[in-house]
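Residue numbers (this note's numbering), protein chains in the order written: chain A, 1 to 252; chain B, 1 to 252; chain C, 1 to 252; chain D, 1 to 252.
Certain hints may be false.
When the alpha-carbon atoms are kept at most 25 Å apart in a straight line, the in silico PhoX-like pairs for lysine-lysine are as follows [to be verified]: (1) Lys140/A to Lys155/B; (2) Lys140/B to Lys113/B; (3) Lys135/D to Lys150/D; (4) Lys113/A to Lys135/A; (5) Lys155/A to Lys158/B; (6) Lys158/B to Lys135/B; (7) Lys155/B to Lys241/A; (8) Lys155/A to Lys113/B; (9) Lys140/A to Lys113/A; (10) Lys241/C to Lys4/D; (11) Lys4/D to Lys40/A; (12) Lys135/A to Lys113/B.
Bear in mind the hints are in silico, worked out from the structure with no lab data behind them.
Number of protein chains: 4
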Amino acid sequence: MNVKLITYTPDPEKTVACAAKLCYAASDIDTLYDGLTPEKVSAFLDHLNAMGHESPIEHASFTFGIEGVSRSLLAQITRHRIASFSVQSQRYVREDSFEYVLPPEIEAIPAAKAEFIAAMEEDARHYERLAELLKENHVKELMDAGEDEKSARRKAEKMSIEDARFVLPNACTTKMIVTMNARSLMNFFSLRCCNRAQWEIRELATRMLRLVREVAPHLFQNAGPGCVRGACPEGGMSCGKAAEIRAQFQNL
Amino acid sequence: MNVKLITYTPDPEKTVACAAKLCYAASDIDTLYDGLTPEKVSAFLDHLNAMGHESPIEHASFTFGIEGVSRSLLAQITRHRIASFSVQSQRYVREDSFEYVLPPEIEAIPAAKAEFIAAMEEDARHYERLAELLKENHVKELMDAGEDEKSARRKAEKMSIEDARFVLPNACTTKMIVTMNARSLMNFFSLRCCNRAQWEIRELATRMLRLVREVAPHLFQNAGPGCVRGACPEGGMSCGKAAEIRAQFQNL
Amino acid sequence: MNVKLITYTPDPEKTVACAAKLCYAASDIDTLYDGLTPEKVSAFLDHLNAMGHESPIEHASFTFGIEGVSRSLLAQITRHRIASFSVQSQRYVREDSFEYVLPPEIEAIPAAKAEFIAAMEEDARHYERLAELLKENHVKELMDAGEDEKSARRKAEKMSIEDARFVLPNACTTKMIVTMNARSLMNFFSLRCCNRAQWEIRELATRMLRLVREVAPHLFQNAGPGCVRGACPEGGMSCGKAAEIRAQFQNL
Amino acid sequence: MNVKLITYTPDPEKTVACAAKLCYAASDIDTLYDGLTPEKVSAFLDHLNAMGHESPIEHASFTFGIEGVSRSLLAQITRHRIASFSVQSQRYVREDSFEYVLPPEIEAIPAAKAEFIAAMEEDARHYERLAELLKENHVKELMDAGEDEKSARRKAEKMSIEDARFVLPNACTTKMIVTMNARSLMNFFSLRCCNRAQWEIRELATRMLRLVREVAPHLFQNAGPGCVRGACPEGGMSCGKAAEIRAQFQNL
């Protein structure tokens, strides 16, 4: 898994503080940034936090580059709708170098690891053979329809992977660029940093939190699973390790 | 693929006409429905259409039950963010009866079909074996931690499928309930009924359009790919069959 | 204030239970509704609630007709973005019968009430005079540009109210149709039924809650300000009346 | 009207080009920015435009500070739901220096201007008197309930403006911070730069477009009303000046 913070709203905490200042104080657009010392910025962020006023943090956005994560993870992260996604398409980009995510629990059991790798290798072979069979069929159809061979081969290439990818496994890796604002990120961290979240997206969310906390420590100081901010919200389903988890996220 | 219109806003066209009537005419909440004959409803819908005023159609929502579609399709449909999804989780529900989507183009080529089915059967075996290996490992861990065997076996069941599903293919079927309002559906149909859309989601979108047109024919009369309403919006990427496609969607 | 529940997803609780059933159990689209007795529906809704799993309740939508509320309220309710609004336009519909909201606290103080009513009457006169002055000016311009008088008068009518409405007060009433799904409504009720919310939107939210609870009592049984479900989330800003408020919303 | 571009995603065009590159080409997160010369960036943006592929432009966000606009404008701009707003509250910030927007058409007619200014001055007086009456009443109530005078006066201040603002006019100015991503902005410009849009929001939208075009000229080169990109989408309601408008937005 490779996760990078590609770009973000410059001075994210000051931007949020400006918005808070405008809401609650008689201030002017031209002098909004004036006098916003780090201490004042912190005071505004604390005030928002105390008020439970979440909307001003939406003004700060963060863009991540993510690769080496599974298609299973993709299915989970794209369920977050207040976010922007650009995903490398299996429909357009051929899986020449078939890469996959090996779950740590499977890796730790030799028999399971062997079974898993065998499955991946077979999938790669099936994908290649299907792509070839589909391609030859498309080339033939296109040439029968009067296309010259060179052009037919080029078109057929793309047509063939559209269906061949049906045999690719959930473990297959993907790449994406994801942008979320701070409010949506806070919600994402609450759900996905939780000890009950699936391991891969929990790892991704934890890395993303580490990255944004480096550039906006005050904004994300309370970010993490619900237990970081109070009682575990999972009720009867709680993992029962709130103290341990809380410590982990305070010292990420 | 099995697609059902499970429920929808009662009297969807009248509801939308009410909203249009309120925006443009001096009218009262208590008498909004009064005098809304089918002719008046049609007139209001035509007026909205002529004005390009899309927001009133948001008041009508449609809920679909969908099954027998691939995980590839799931990845595409969940990219539509103005929608609500409930999806059968591979994380919680074990794939006892491993079902998959066989793409028609693959089915039509005997060698490809054989290759595909072999891939599916291998995946099913790998999934079962991995689930067993992981389960036995989890049972052992839980019992070592003092859990009794019965309870350990129950917990281990769920833990084992979380990672075993990494070998399941894109072809694997899923089930979901999807709700979209009419405006979001219009956009969905524009993009996914298009001849350039991937075949499976195009089939789903076309079936969904057929279902909503039965209950709201006037509201969805211009629904379908962009070429139904004018020039093809795909420009240089156009499929070049606008006339044919247009006829197909007018007589769906 | 006049609030009506105009329409809603039929059988809202059963629809939500179907979605929950599909997520967690091996079930089929064709038999989803089978066996969903009222007891089973309640059990599924309780399970969602215990899990904190909010997304399935999005499948149920509710559409309200609202009139006799102020433009101040409009500015507040339209800040809820997961909602659909159709609002009677001050730009298109002339305020012939100038109606306004008289805040109860002002009504209770005779001097304030007199001051307020005087303000409203002056505004009505200014609006009428401005509309006339603007209209005559537009008629003249249009006729100078060659338009015949009748057509000029018709066009000028609409042009004149666009700017005349700048003198209309916040108290001026408006009408709207609003659709929200149950999840968005739950959030709306949390924020706007709160004792710290502004009185007019609190009254509206409370009436809306009463209306939806009549048709979906189980779905909205925990709806209301945060204190209904646990500790007051307002922290240091708490109104300090949680017990009283809780009782009010349990017996709405 | 004072409009400032307060902050925005650094290198917005390059960020969007990265997202496009990832979708369509075999590329790595670590080398995404490599080789993205201005020419390559332009090529990717042109490709997105030709494909009608709008989602990658969502990764670039723009934050504006806006003041000196009317409450009427606020009601319009907040209808754009894919946006983040922080607005100076009339509920918390007292309108000491009552400022208002004087519509140019009214300013141009001496009698209308006099009528308008008289209305504003009366409103200011009514607001002040109501605030005082309400404040004295609240002070009395609070002191009767045992509060000391100083504390009572402080609390009463805020309580009094909540209802006094009901007499404030639509013309009353407000301040806000607004963040939209490039895709939402493109839609905003299409609707609000249109010659048929209301004059005040058209002026705001045009200024916002000028500001973003300075920092992302390629990204917003086709931004503006629909007629800039082709035939007028307003059909029978068209202003009939497409050529003129088109020229205006090309040379903004």
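Cross-check of the supplied hints:
| no. | hint | result |
| --- | --- | --- |
| 1 | Lys140/A to Lys155/B | violated (53 Å) |
| 2 | Lys140/B to Lys113/B | violated (41 Å) |
| 3 | Lys135/D to Lys150/D | holds (13 Å) |
| 4 | Lys113/A to Lys135/A | violated (33 Å) |
| 5 | Lys155/A to Lys158/B | violated (44 Å) |
| 6 | Lys158/B to Lys135/B | holds (8 Å) |
| 7 | Lys155/B to Lys241/A | holds (18 Å) |
| 8 | Lys155/A to Lys113/B | holds (22 Å) |
| 9 | Lys140/A to Lys113/A | violated (41 Å) |
| 10 | Lys241/C to Lys4/D | violated (43 Å) |
| 11 | Lys4/D to Lys40/A | holds (22 Å) |
| 12 | Lys135/A to Lys113/B | holds (14 Å) |
Of the numbered hints stated above, those contradicted by the structure are hints 1, 2, 4, 5, 9, 10, listed in ascending order.
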